[in-house]
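Asks: Okay, here's what each chain looks like letter by letter:
Protein chains: 2
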Amino acid sequence: MLASQFFLRTHREAPSEAELVSHKLMIRAGLIKKLGSGLYSWMPIGLRVIRKIEAIVRDEMNKAGAIEMLMPAIQPADLWQKSERWEKFGPQMLKIQDRHNRDYCFGPTHEEVITDIARQEIRSYKHLPVHFYQIQTKFRDEIRPRFGVMRSREFIMKDGYSFHANEGDLVKEYKKMHQTYSRIFTRLGLNFRSVDADTGAIGGSGSHEFHVLADSGEDTIAYCPKSDYAANLELAQCSAPSKKRQSPTKNLVKVPTPETTSCDKIAQLLGVPLENIVKSLLIITDSKPHLLLLRGDHTLNETKASKLFATRKFRFASQEEITSLMGCPAGYIGPVNIPSNIELIVDQSVVQMSDYVCGANEEGFHLTGVNFYRDLPEPLTIKDIRNVVEGDMDPSGSAPLKLCRGIEVGHIFQLKKTYADKMNAHFVDKNGKQELFNMGCYGIGISRIVAAAIEQNHDDRGIVWPIPLAPFQVAIATIGFNKNPEVKQTAMDIHNELEQAGIDVLLDDRDERPGVMFSDLDLIGIPYRITIGERTLQDGKVDMQSRADHIPLVPLENEMQLKVNQICEQILNIENNA
Amino acid sequence: MLASQFFLRTHREAPSEAELVSHKLMIRAGLIKKLGSGLYSWMPIGLRVIRKIEAIVRDEMNKAGAIEMLMPAIQPADLWQKSERWEKFGPQMLKIQDRHNRDYCFGPTHEEVITDIARQEIRSYKHLPVHFYQIQTKFRDEIRPRFGVMRSREFIMKDGYSFHANEGDLVKEYKKMHQTYSRIFTRLGLNFRSVDADTGAIGGSGSHEFHVLADSGEDTIAYCPKSDYAANLELAQCSAPSKKRQSPTKNLVKVPTPETTSCDKIAQLLGVPLENIVKSLLIITDSKPHLLLLRGDHTLNETKASKLFATRKFRFASQEEITSLMGCPAGYIGPVNIPSNIELIVDQSVVQMSDYVCGANEEGFHLTGVNFYRDLPEPLTIKDIRNVVEGDMDPSGSAPLKLCRGIEVGHIFQLKKTYADKMNAHFVDKNGKQELFNMGCYGIGISRIVAAAIEQNHDDRGIVWPIPLAPFQVAIATIGFNKNPEVKQTAMDIHNELEQAGIDVLLDDRDERPGVMFSDLDLIGIPYRITIGERTLQDGKVDMQSRADHIPLVPLENEMQLKVNQICEQILNIENNA
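So the protein sequences, as listed, match chains E and U. The numbering of the first sequence is the numbering used here, which starts it at 1015 and goes up by one. The numbering of the second sequence is the numbering used here, which starts it at 1015 and goes up by one.
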């Protein structure tokens, strides 16, 4: 492709609203253009990246036996009313009335439509299992769209739905999709982790997320570098402590700690390690108070805590409630001599502690040398209610966990019979009996991958595309294309040879100054650049560079005889094996 | 592809609402499935056809230098307010409010968005010309969606928009697009006509439609079999009559014609040819009456007639107005002795007539032997106000016109400066002056092509796909696939060989009865069928048929050594040269 026949437009500045580096770079490199809040046009060079992702996703989905189809974007309300999601989905759903005042929505997802198709078209177990997928534009009316296509309202998604005669078959397909997704993200050249999104238990869990690892990710992921364990921080399990609690060595002492309420400051004031302090949190659920105990260096995991209660909800007690129940302000509360109507819930790592520090339930005082059994009863309710920290053991005990940040780009889910039940979707089983479908659903955020890939692959000059995603794999920068016939001829020859070999090549024939050209090509992030200029040609040389050090360069023995074959071979190799 | 790994579902009956054969067959063959009024899912086999069309369209657009991009489906109202189409577009536009009560629409077309992009991204004449296109889902809220995907609300469209520094460049691109569209529809294997959609003039016209010819088409097209002239009936020009009017040979006579008002019946009653009768129509425009004269066998072309008036509108006079102005009921009015406030507008073919019959302006009477100049003044206003009929000369005089029916599947249009003007879209020209863009737009109804192709290519057994559109080009029907290892082996061998050669092949391994299998494959319309059964294999034979007589069959010299190469070569040839 010649730049003069393509549409390249870069920008020096990103709009001030762009916070994320991917958002800035996508605007600056001309991949996207904003139309409105959360609405972006994919400009030609951006669309090329989308198409590369789509092609790999499609190829792997087809290989896994899924069948492509295409459902309408506009969906009638009645299906959503049947599944009880018309109201439940909330304001993220873009509701629409047509000219006859009938209710529709711009489909944020397609469980309802596909279940409606399945219940009409799949009558017998003989037609199962079947997995349909589509690549389609979706809309979710985010309250505050931002980060460019990372959290846009209109976006491109691959959504797949599988139907099964029984749960065993569903689990089999789920595992196959886990492998397929892993292959997809590997082929895309991304550093990713599959994350248990449900219970945190290894194995037969019902939901996994796929995260591209990047410092800017919204989610924190705990993973084990030795096993394949990985979980969202919210759900990552702390393994039960293995150490035995040590016997008391200190006496219980009430010490003055005036105007010192945070664990950090108490540790400093008293000269004790943070992990010797017990943090107490008073919460209310169903108008009953509970006191949560955590180690001073740990943080409460609200998801885990909420699961302790039938309502799955709690709130922190107000200052007034704390004073009325505990007799002192928040920073001085503790577990010793608490009123009997307050249930004590103790994190499992606190149970191990001895000679610890906690609030004295008296303003301006803490207790030191506190010990269970001796100074307060042995805890009855011992739970995992904290966030894991780096160094905690993997639940299987294979190695200490690490933390990183990730961007969710895929999600697989065992829906089981939820939708079939609500929407009355049956088939006839082997014994002639009406049976509800078991369903799985599998999503990939196609447009979001572009942003995630950039978050993971950029430097201060711009994007550094992984080869499989690059809009062009090779750029030919020319100096004097329209002035020097030899430059033009050499450039065109190399361009044509690369193109014939199946390499996506961009020949920059814009006659820009080399500086402008190079910084544009760096910004756009094309992995290889071949520079052809009058002067180097006279020296019998053609210059080849890779965009980043980690992209291996082809050794060129004789630069004038550019080994185009070698380049092609290498690029195609990387693309195929990524 | 093995049928057991694909999703084939045919239906014996079409829904009663399906009127058109394409609608019936698409439902029955399982190409589409209705979700709601004017909303269809593309089932796997239907989507394959869509993808084939998209690939050909994309290939030809790219070859013509157009650049693919992708704009949002959801568009903010303010752009449409600027172009003054927010209200003007009417209720076909699906208007939407988001959670913040801001106005949007589901884009029925994208002139506004692309003009907005161009005015920001294209600053200089150096970046012109440029042609962007996209393949995208659109929505038009038809008041009465019907005919399946022929007139659905949600549909897939290729829409392209070109920008130019001057009108000359626009015309050049327009002509290139005319050629590109012709190549696209030729490659799709369709019988089509490009039709002048604007003035009917040959040459520098600003708009052409592309119609697939089919008896069920909504539009009537007049075309010349010898030249490339073709126009919508509404716009087809009648060439000026070449014959001289003959001198009067009869006297003016008033004859009784009681209760005989239609031209047909008058001709019968008086024993004169229909073309000797003059039909008179009283119309009102701007509250002024006009009497239109047409030959008895001709029909009024309301589009042409309306263009005679500044308001571009007229209405037929009511019975009361006719009686009050002409003194008699509608069936008896005529041009002789009309009140001076009524303007006479005479079709050019009437001017040639002599000794003709017309109403006597007296109930129950007509005049015979009527002649201009002698019995009424020579007409002053002579116009082309009738529909062409088969046999009329092509405007260039090369051959008599023929009429046929067509389905509009493409439209190219010179927008010129309309949108640039309304939306303030400028670039800097060679002289450093701000100049408005010249624009062209170019649409293809991707999903509609599927229906149009079926209207043109079907028989009483089902669809007969042109090879370039066929979801599969070859079907292998097996009898006893899962019982006879030799059948299975032969079928798999042929399947794999064809697939490797790049042929889309469907191996029907469903173990259905041959009758069911054959009628399914006929309904789906796969061009070639290879049948492999125990009995024929024993006889050393493999059976090959083409779906329709006009699809050429490969001669097989030795049927056991099926010449797969030959089949492949032929199919790929047809596909490439269609």
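Be aware that a few hints might be false.
Given that identical chains are not distinguished, each listed pair holds provided it fits within a single copy or across any two copies.
What the hints assert, rightly or not - Okay, derived cross-link-like pairs now, EDC-like style, lysine to aspartate or glutamate, Cα gap no bigger than 20 Å in a straight line:
#1 K1189 / E1033
#2 K1444 / D1117
#3 K1416 / E1404
#4 K1048 / D1092
#5 K1048 / D1112
#6 K1397 / E1248
#7 K1109 / E1156
#8 K1257 / D1398
#9 K1140 / D1278
#10 K1048 / D1117
#11 K1279 / D1398
#12 K1430 / E1583
#13 K1416 / E1135
#14 K1102 / E1511
#15 K1436 / D1563
#16 K1327 / D1398
#17 K1257 / E1098
#18 K1431 / E1135
#19 K1318 / D1443
#20 K1430 / D1443
#21 K1140 / E1334
#22 K1258 / D1183
#23 K1416 / E1156
These are calculated hints, taken from the structure and not from any lab test.
Asks: For K1258 vs D1183, is the C-alpha pair at or below 20 Å within one copy, between two copies, both, or neither?
Replies: neither (44 Å within a copy, 85 Å between copies)
Asks: Indicate which option fits the pair K1430, E1583 if close means a Cα-Cα distance not exceeding 20 Å: within, between, both or neither.
Replies: neither (45 Å within a copy, 48 Å between copies)
Asks: From the Cα coordinates, with 20 Å as the cut-off, is the pair K1279 and D1398 best called within, between, both, or neither?
Replies: For K1279 and D1398, the Cα distance exceeds 20 Å both inside one copy (26 Å) and across copies (97 Å).
Asks: Can you tell me if K1397 and E1248 fall within 20 Å by alpha carbon in one copy, between copies, both or neither?
Replies: This pair counts as within: shortest intra-copy Cα distance 15 Å, inter-copy 81 Å.
Asks: Classify it for me, K1257 with D1398: is the Cα-Cα distance of at most 20 Å met within a copy, between copies, both or neither?
Replies: Intra 16 Å, inter 102 Å, cutoff 20 Å: intra-copy only.
Asks: For K1444 vs D1117, is the C-alpha pair at or below 20 Å within one copy, between two copies, both, or neither?
Replies: This pair counts as neither: shortest intra-copy Cα distance 39 Å, inter-copy 52 Å.
Asks: State whether the alpha carbon distance between K1318 and D1443 is at most 20 Å within one copy, between copies, both, or neither.
Replies: neither (39 Å within a copy, 65 Å between copies)
Asks: Cα distance capped at 20 Å. Does K1189 pair with E1033 within a copy, between copies, both, or neither?
Replies: Neither. Shortest intra-copy (37 Å) and inter-copy (46 Å) distances fail the 20 Å Cα cut-off.
Asks: Could you figure out if K1416 and E1156 sit no more than 20 Å apart (CA to CA) within one copy, between two copies, both or neither?
Replies: neither (32 Å within a copy, 57 Å between copies)
Asks: Taking 20 Å as the upper bound on the Cα-Cα distance, should K1430 and D1443 be classified as within, between, both, or neither?
Replies: Cα proximity of K1430 and D1443: one copy only (16 Å, versus 63 Å across).
Asks: Up to 20 Å between alpha-carbons, please classify K1416 paired with E1135: within, between, both or neither.
Replies: Intra 47 Å, inter 45 Å, cutoff 20 Å: neither.
Asks: At most 20 Å between C-alpha atoms: does K1140 with D1278 qualify within a copy, between copies, both, or neither?
Replies: Neither: 64 Å inside a copy, 64 Å across copies.
Going down the numbered hints, you'll see the structure goes against 1, 2, 9, 11, 12, 13, 14, 15, 17, 19, 21, 22 and 23, while the others check out.
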